[in-house]
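Protein chains: 2
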Amino acid sequence: LDQERIDSFRELFLDIHPYEQSQFFLTVAEDIRMLVYTYLSPSEMAEIFQNFDIEEQEEYISEMEPTYAAKMLAEMYADDAVDVLNELNPEQIASYLTIMDDDAADEIKELLHYEEKTAGSIMTTEFVSIRAHQTVKRAMQILRQEAPEAETIYYIFVLDQQKRLVGVISLRDLIIAEEDTLIEDIMNERVVSVSVGEDQEEAARIMRDYDFLALPVLDFQNHLLGIITHDDIVDVIEEEASEDYSKLAAISDDGTLDRNPFSSARKRLPWLIILLFLGMLTASLIGQFEATLDKVALLAVFIPLIAGMAGNTGTQALAVVVRGIATGDYEENSKWALIVREAGTGLITGATCGVLVTIIIFLWKGTFFLGMLVGFSLLCTLIVATLAGALVPLLMHKLNIDPAVASGPFITTINDIISILIYFGMATAFMSHLV
Amino acid sequence: LDQERIDSFRELFLDIHPYEQSQFFLTVAEDIRMLVYTYLSPSEMAEIFQNFDIEEQEEYISEMEPTYAAKMLAEMYADDAVDVLNELNPEQIASYLTIMDDDAADEIKELLHYEEKTAGSIMTTEFVSIRAHQTVKRAMQILRQEAPEAETIYYIFVLDQQKRLVGVISLRDLIIAEEDTLIEDIMNERVVSVSVGEDQEEAARIMRDYDFLALPVLDFQNHLLGIITHDDIVDVIEEEASEDYSKLAAISDDGTLDRNPFSSARKRLPWLIILLFLGMLTASLIGQFEATLDKVALLAVFIPLIAGMAGNTGTQALAVVVRGIATGDYEENSKWALIVREAGTGLITGATCGVLVTIIIFLWKGTFFLGMLVGFSLLCTLIVATLAGALVPLLMHKLNIDPAVASGPFITTINDIISILIYFGMATAFMSHLV
Numbered sequence: 001l002d003q004e005r006i007d008s009f010r011e012l013f014l015d016i017h018p019y020e021q022s023q024f025f026l027t028v029a030e031d032i033r034m035l036v037y038t039y040l041s042p043s044e045m046a047e048i049f050q051n052f053d054i055e056e057q058e059e060y061i062s063e064m065e066p067t068y069a070a071k072m073l074a075e076m077y078a079d080d081a082v083d084v085l086n087e088l089n090p091e092q093i094a095s096y097l098t099i100m101d102d103d104a105a106d107e108i109k110e111l112l113h114y115e116e117k118t119a120g121s122i123m124t125t126e127f128v129s130i131r132a133h134q135t136v137k138r139a140m141q142i143l144r145q146e147a148p149e150a151e152t153i154y155y156i157f158v159l160d161q162q163k164r165l166v167g168v169i170s171l172r173d174l175i176i177a178e179e180d181t182l183i184e185d186i187m188n189e190r191v192v193s194v195s196v197g198e199d200q201e202e203a204a205r206i207m208r209d210y211d212f213l214a215l216p217v218l219d220f221q222n223h224l225l226g227i228i229t230h231d232d233i234v235d236v237i238e239e240e241a242s243e244d245y246s247k248l249a250a251i252s253d254d255g256t257l258d259r260n261p262f263s264s265a266r267k268r269l270p271w272l273i274i275l276l277f278l279g280m281l282t283a284s285l286i287g288q289f290e291a292t293l294d295k296v297a298l299l300a301v302f303i304p305l306i307a308g309m310a311g312n313t314g315t316q317a318l319a320v321v322v323r324g325i326a327t328g329d330y331e332e333n334s335k336w337a338l339i340v341r342e343a344g345t346g347l348i349t350g351a352t353c354g355v356l357v358t359i360i361i362f363l364w365k366g367t368f369f370l371g372m373l374v375g376f377s378l379l380c381t382l383i384v385a386t387l388a389g390a391l392v393p394l395l396m397h398k399l400n401i402d403p404a405v406a407s408g409p410f411i412t413t414i415n416d417i418i419s420i421l422i423y424f425g426m427a428t429a430f431m432s433h434l435v
Numbered sequence: 001l002d003q004e005r006i007d008s009f010r011e012l013f014l015d016i017h018p019y020e021q022s023q024f025f026l027t028v029a030e031d032i033r034m035l036v037y038t039y040l041s042p043s044e045m046a047e048i049f050q051n052f053d054i055e056e057q058e059e060y061i062s063e064m065e066p067t068y069a070a071k072m073l074a075e076m077y078a079d080d081a082v083d084v085l086n087e088l089n090p091e092q093i094a095s096y097l098t099i100m101d102d103d104a105a106d107e108i109k110e111l112l113h114y115e116e117k118t119a120g121s122i123m124t125t126e127f128v129s130i131r132a133h134q135t136v137k138r139a140m141q142i143l144r145q146e147a148p149e150a151e152t153i154y155y156i157f158v159l160d161q162q163k164r165l166v167g168v169i170s171l172r173d174l175i176i177a178e179e180d181t182l183i184e185d186i187m188n189e190r191v192v193s194v195s196v197g198e199d200q201e202e203a204a205r206i207m208r209d210y211d212f213l214a215l216p217v218l219d220f221q222n223h224l225l226g227i228i229t230h231d232d233i234v235d236v237i238e239e240e241a242s243e244d245y246s247k248l249a250a251i252s253d254d255g256t257l258d259r260n261p262f263s264s265a266r267k268r269l270p271w272l273i274i275l276l277f278l279g280m281l282t283a284s285l286i287g288q289f290e291a292t293l294d295k296v297a298l299l300a301v302f303i304p305l306i307a308g309m310a311g312n313t314g315t316q317a318l319a320v321v322v323r324g325i326a327t328g329d330y331e332e333n334s335k336w337a338l339i340v341r342e343a344g345t346g347l348i349t350g351a352t353c354g355v356l357v358t359i360i361i362f363l364w365k366g367t368f369f370l371g372m373l374v375g376f377s378l379l380c381t382l383i384v385a386t387l388a389g390a391l392v393p394l395l396m397h398k399l400n401i402d403p404a405v406a407s408g409p410f411i412t413t414i415n416d417i418i419s420i421l422i423y424f425g426m427a428t429a430f431m432s433h434l435v
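Protein sequence lines, in the order shown, are assigned to chains A and B. If you're matching positions, the first sequence starts at 1 in the working numbering and goes up one per residue. If you're matching positions, the second sequence starts at 1 in the working numbering and goes up one per residue.
Check the hints yourself; a few may be wrong.
[Unchecked claim] As a list, the in silico DSS-like pairs of lysine-lysine whose alpha-carbon atoms are at most 25 Å apart:
| id | chain 1 | residue 1 | chain 2 | residue 2 |
| --- | --- | --- | --- | --- |
| 1 | B | Lys398 | B | Lys117 |
| 2 | B | Lys398 | B | Lys335 |
| 3 | B | Lys267 | A | Lys335 |
| 4 | B | Lys137 | A | Lys137 |
| 5 | B | Lys117 | B | Lys267 |
| 6 | A | Lys295 | A | Lys117 |
| 7 | B | Lys295 | A | Lys365 |
| 8 | A | Lys365 | A | Lys295 |
| 9 | A | Lys267 | B | Lys335 |
| 10 | A | Lys295 | B | Lys365 |
| 11 | A | Lys295 | B | Lys295 |
In short, the hints are calculated from the structure, not lab data.
Assemble the whole structure, with the sequences as input and the hints as a guide.
Here you go:
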């Protein structure tokens, strides 16, 4: 009876796509998951497992029997297995590698060495390779043998005796070719590749620009170590975009979803405390102008307006420049053009908003001079704030710091300070006209 | 002599990857480009042309002879040709379609109908299809014939007599199978597909989740209209991420690079003017408290600190929630958990910053009461601002408005107003302790 239940479950379950299997798996409780582990073989589980987020993988692997887990890791694509192992502590890694068969363990050990966020860390070693002097017919035979193991069979890599990469051929070209053609006659010898220590973002950019499904990863002697496949690249692009986005809002994003207020507070507080101290600096700056404020309390009314507008334009300029650097739209030589453009943008937006605010204050308070003061401060502030928003990330890029670190709130606070200096500086200078 | 120059150029140029050809093409002046158009056939040019940004495509196509341009458009993948034509005015589109041969024109006309940002607008019609009763051998023959035209040959779609999609088979499975196997015995009948009017983001999400290289697009009667390929998806993901990013910074991003301050001011000014009016609202609110300010001018000193911190926490909460909605991490039923988490986060960050600011002001000004007032205002402000940052995008999502529209500067200005009401409300209430 029990075997019957298992069989009917397997029949239904294994018929759907692994992604859908994983979605089902996510909805069931621990006791059902424990049953699924006994119903499915490690290699069937491996297919499902690759679809989980890293936190889910961590949780589920700890539920499994160690031998089952080790077998499943061995069945996964090596790059995905390494991603999981990287989340565990060294003793756990060692114990799984010991249980695993030697071939799989060796492959994984090799990949574990590569630094995070490099081409090496996202590549897989399951690729198909052939020799240049083989025929198309022989290549197709090799392909058929290796298809079940390889992560992609749509590019075949051509190696020489020393396992150096000498060419590449797509399955598309292979299929069109005559059976007795030699690979060397039809292979593409201009292979685009990355070195193993290259940034994963750079690898993603090449694959996107060239529309590649796979990119070979070489060591410094041109030995083919592995390939990066299209699915890894989508993940990299999403990860990097999400990182830039979080930094603009001043959150430390480690890619995990927060389930409680403590973990999310931990990500936000460091930024908030820095910003609090910068805010105290702003406060002490205004404190310098207390005499001015005592005479014309009305001045205080426009502090948030001016500081706020400075923050807004700064954030806009910052976002445009950070995004431009990230997508590679800005070259070193267009730096000056960019600065001129931002200064111009600051002038146009500043003049428009300045005139507008002068008119509004005149209509509201009936005093032309106060309107002029606020309007002219706004003009100066917007020019300086826009430039600051553009220059800070450019400078960081120059110093090889990730420009996205200059977050929106950071630039906003800097621009608060600048705007208050301009506003109160002018108010103090023209005090005689105000009282 | 001239022919010799052409030949040697062609030999060198056509040997490199189309992406590299396009990069070379981008660096040369107009007169050289005009030469290249005469040296290369329309179909050779088509390969290069697909790598350009949309603005570059617009510029270059206007330089070409209309017949050359029309032939090139006909040689491009239909989805890419449609992207170009969508940028031109109706007369230009009509003139190119008239010159083109009828088959190509019909294909393009069909695609031109689909709305922007739908699955239909990014699909291509160049796919390989077979019938269920054919053998693997016959399928491979069809594949070889169609390989030069098709955008991908790695998935083959199985249609019935009415051209309805009944199955799919990957080239991988085809290669492993025996030659005389029937397609219907090995095809996958559970095909994941999208309907033609589906949002392109949804199509991208499915392809990412399932790790597909191609996704079939169906009409409401299950007829196969086209396929979406992996390269389109990378573009969609980048485009959407860049859109969310720009909105967080309150810029209208149309995906084009600004070359002059006028075009960039045009994208930023609408937002700035809205924010300016919201800022005037803040100013008039503070104006209500002029009597309070007149008595204790020192209060003004901490306005930017409190308003700034409210803006910062609001932006953080906003970014987390918008990102969560965009990546599909939040389900309808986890809404309350999210709100509770954000309230908790606001309480923790507010209490920390509040205590900190009380101590700093006590040390700096020697007055405990002012420190308490600012600290307690900060606590209340951070709770409310964090909640506002989370609730506004959730509400927008509920109302089917893109939550990313609630930009950082917008939430910041809302939180400015809230924070000032809290701060001055408390200061006015406890005025007797301050003077």
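Hints, verified against the model:
no.: 1; hint: B:Lys398 <-> B:Lys117; verdict: 21 Å, holds
no.: 2; hint: B:Lys398 <-> B:Lys335; verdict: 11 Å, holds
no.: 3; hint: B:Lys267 <-> A:Lys335; verdict: 21 Å, holds
no.: 4; hint: B:Lys137 <-> A:Lys137; verdict: 15 Å, holds
no.: 5; hint: B:Lys117 <-> B:Lys267; verdict: 21 Å, holds
no.: 6; hint: A:Lys295 <-> A:Lys117; verdict: 58 Å, violated
no.: 7; hint: B:Lys295 <-> A:Lys365; verdict: 21 Å, holds
no.: 8; hint: A:Lys365 <-> A:Lys295; verdict: 17 Å, holds
no.: 9; hint: A:Lys267 <-> B:Lys335; verdict: 21 Å, holds
no.: 10; hint: A:Lys295 <-> B:Lys365; verdict: 21 Å, holds
no.: 11; hint: A:Lys295 <-> B:Lys295; verdict: 11 Å, holds
In terms of the numbered hints stated before, the structure departs from hint 6 and from no other.
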